[in-house]
Structures are given as structure tokens and as C-alpha cells.
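First to last, the protein sequences are chains R and A.
So the number in the working numbering is just where the residue sits in the first sequence, counting from 1, plus 271.
So the number in the working numbering is just where the residue sits in the second sequence, counting from 1, plus 13.
Treat the hints as calculated values from the structure; they're not laboratory data.
As the structure is a prediction and not an experimental result, all values here were calculated from the model.
Where a beta carbon is used, it is the ideal one built from N, C-alpha and C, also for glycine.
To give a feel for the contact side, a few chain A residues facing chain R, derived at Cβ under 8 Å:
#: 1; residue: L107
#: 2; residue: I108
#: 3; residue: V110
#: 4; residue: K111
#: 5; residue: I114
#: 6; residue: L123
#: 7; residue: Q125
Each chain is listed here by its residues.
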Amino acid sequence: GNACVRGLLGWARPERWLAASSLFPLSCIHTSCTALQQIGKWEKKNRIVYPPQLPGEPRRPAEIYHCRREIKYSKDNMWYLAKLIKGMSIDQALAQLEFSDKKGAKVIKEVLLEAQELAVKKHNVEFKSNLHIAESTTGRGRYTKRIRYHAKGMFGIMKIVRCHYFVKLVEGPPPPPEPPKSGFDQAKEYVQQLRSRTLVNTL
Amino acid sequence: LVVVYPLPRLRALLQRCWQRLESGLLAGFSGGQSPPWGPALAVQAPAFLPQPVHDTNESNEAASLLDSILWMAVPKKRRTIEVNRCRRRNPNKLIKVKTNIDVCPECGNLKQKHVLCGYCYAKVKAETRLIRKEMYKQEGGPFNAPTIETVVLYDGEKPTEKDAGKRIIERARKRPSWFAQN
Numbered sequence: 272g273n274a275c276v277r278g279l280l281g282w283a284r285p286e287r288w289l290a291a292s293s294l295f296p297l298s299c300i301h302t303s304c305t306a307l308q309q310i311g312k313w314e315k316k317n318r319i320v321y322p323p324q325l326p327g328e329p330r331r332p333a334e335i336y337h338c339r340r341e342i343k344y345s346k347d348n349m350w351y352l353a354k355l356i357k358g359m360s361i362d363q364a365l366a367q368l369e370f371s372d373k374k375g376a377k378v379i380k381e382v383l384l385e386a387q388e389l390a391v392k393k394h395n396v397e398f399k400s401n402l403h404i405a406e407s408t409t410g411r412g413r414y415t416k417r418i419r420y421h422a423k424g425m426f427g428i429m430k431i432v433r434c435h436y437f438v439k440l441v442e443g444p445p446p447p448p449e450p451p452k453s454g455f456d457q458a459k460e461y462v463q464q465l466r467s468r469t470l471v472n473t474l
Numbered sequence: 014l015v016v017v018y019p020l021p022r023l024r025a026l027l028q029r030c031w032q033r034l035e036s037g038l039l040a041g042f043s044g045g046q047s048p049p050w051g052p053a054l055a056v057q058a059p060a061f062l063p064q065p066v067h068d069t070n071e072s073n074e075a076a077s078l079l080d081s082i083l084w085m086a087v088p089k090k091r092r093t094i095e096v097n098r099c100r101r102r103n104p105n106k107l108i109k110v111k112t113n114i115d116v117c118p119e120c121g122n123l124k125q126k127h128v129l130c131g132y133c134y135a136k137v138k139a140e141t142r143l144i145r146k147e148m149y150k151q152e153g154g155p156f157n158a159p160t161i162e163t164v165v166l167y168d169g170e171k172p173t174e175k176d177a178g179k180r181i182i183e184r185a186r187k188r189p190s191w192f193a194q195n
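So here's chain R without its partners, still in its complex pose (with noise of 0.2 Å):
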């Protein structure tokens, strides 16, 4: 009886709760929404570990995911300065984007010499120009919407729009570009397509 009763009373201990920082350690991991930014799902691709590698396996080449969000830049407009930069090496992309125009040339520089740093801070990178970008994206921002006025007392609702980058910087030098297809190889593919086809429900 007092066995199972100090054991049930075992649990409630107040001073095990104030110990702790904060007053319910556990329970903000699964919330949606809480009053911080969420964890983006591109930074928690940083925190995956591998198990240790055997001893005759090629080595896996180091990946670095970083971003940047809510940028105040068009996503449409800032995918092309992601298209120019995919698959170049990181000298390549931080020259390029040095000479560009663009206002969002600037933003993305920036993100890449962060990432080149974490790289070789966290991520045992040996050479930091020893990275290529294997993936660029952008995303849209949270809009909002506000008011522009124009003559007559006319009015129209415009967005404010806003956009994130995303970048995964991979070890090694950048993969050799692809040869453009030519009709041939697709006309080749087209019927190696049909001709892999079965009948379905038949004999």
C-alpha cells in the first residue's frame, strides 16, 4: 500500500519540474505553430547522420544545406539567378554573381559564403573551393497584401512579395554537363518506350 503509493506520488515531484530551463522541456517539438520561427525542413536536412563508413566503401561526399528566408525579392526573378548557378562550381557561381545586376545576386552571394564557411567549420570540408552547388531553388515567401492608390479614388491591392533560397553545396568538383539529346537518341527512346509496353488483364 505505501509502496504503491509512494509510487504513485513518485512522478509529481515539483522541484524536478523548476530544475529544468524551461518549464515543459518536451513539449514544444511537435507543435505547428509556436511563438519562435519553425524549424524549416531545409535546415533540418543538416542534421541526418550517417553510420560510420567501412573500410572499403567509396567515400560519401559532404553535403551542406543552407538557406535563407523571407528575402525581399520576386521568386520568379530570383530563379534565374538560381538557374544561372546550378551545377557550377563555387568560384564559378560567386564570380558570376559578383558581375550580375541583379538584386538578388547580391542576397545569394552572401548565402554561398556562408554555407562555404559552415562547410569548412561544421561539415569537415578539407578545400573550400573544393564544393559545386548540386542543388538551387527558391520559394515563396509569406505575401502580404497592402494598398495602392491610384487617380479618381480609385484604388487597387497589391503584395508585398517576399522569397526564400535554398542551396546544397556537395564536395568534389561539378559533374561534367550533360550532352544536349539529340532526335535520334529520343527517337530511340520513344521506341524502346512502346516496345516495353505489356498487354494487361489478357492471356
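Go by the hints and put chain A onto chain R.
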């Protein structure tokens, strides 16, 4: 997206419609019988001479306005996202890769081939600014530039015979390597 406050525009539209109605009524009346409020003539002459001139003008105006609105170039169908993508991602719209980027031999930063190196230019600009501040201190105020040449001397340099009649600006630092003497 433009939103219209309906009242003034609607009023103008209604006024125009009413005028057209009135003119239409008058024309109808004069076509069938004589208008009840117009002077009844003995002769079967058309009593509505002045009206068609001003009536057709008005109807022409109104008709041409509406017609011109109808004939304006307007999209017939919504452009699908596939068509939009083909236009936006066409290679002539993509940003071209620049091949005119080199390394500056002086400082090692990147520079475009036909443009001065940004870093070197900023460095020279900063030094020029300090020299100009010294000049301002010597002159005392604006518009006091002397009509003789100027020579800039750094630490440990003495004016030679060539710098006899020139104004001398002293800079309290070592001579930078890119600023050659004479």
C-alpha cells in the same frame, strides 16, 4: 486589379443611356406621328431636321465609344502555366554566363576585363580623399585653389629642385607602393 467606386461612373452611364433613350423616342415619334410637344405643321414636311444631325452625332459618338471598346485587343483564353513556363524559361530569357571575368594582377580580386578593379579603385579613392582633406586644411575654405601645381610628399621625403614653385601637401604615412614618385 482596379476597383471602381460605382456612383460617379454609373451616374454618367445612366445619363448617357437616358439621352439615347430620349433621342430614340423623338426619332420614333417623328417617324410615326408628329411629336405631341413639337409645333404641328400643315405641310407634311419632316419637323425633325435639326435633330438627326445632333442625334446621329451623339449616337455615332456613343456607338464609336462602345465599338472601340469592343475592338480592343483582349486575351481570348487564359494562358496555361505550361505555355507561361515555355515563354519564361526560353533560353533567350535566361541569364547568360559571363566570360569576361579575370583576376586583377595587383590585388588578386576578380575584375571584369574592360572595367577597373573595384578593390584597387576603392583603395586609391580612400587615399585621394585624405589628400583632398589636407588640401582643404591648407586652403582654408572653398574656391581658394591656388594657380600653381601641387606635389604630395610622404614621410621622410624632401622637395627636390623640380618642385620649386609648387604647393606641397604632406601626408603622415609611408608612400604607398602604387603611388610612384615623379
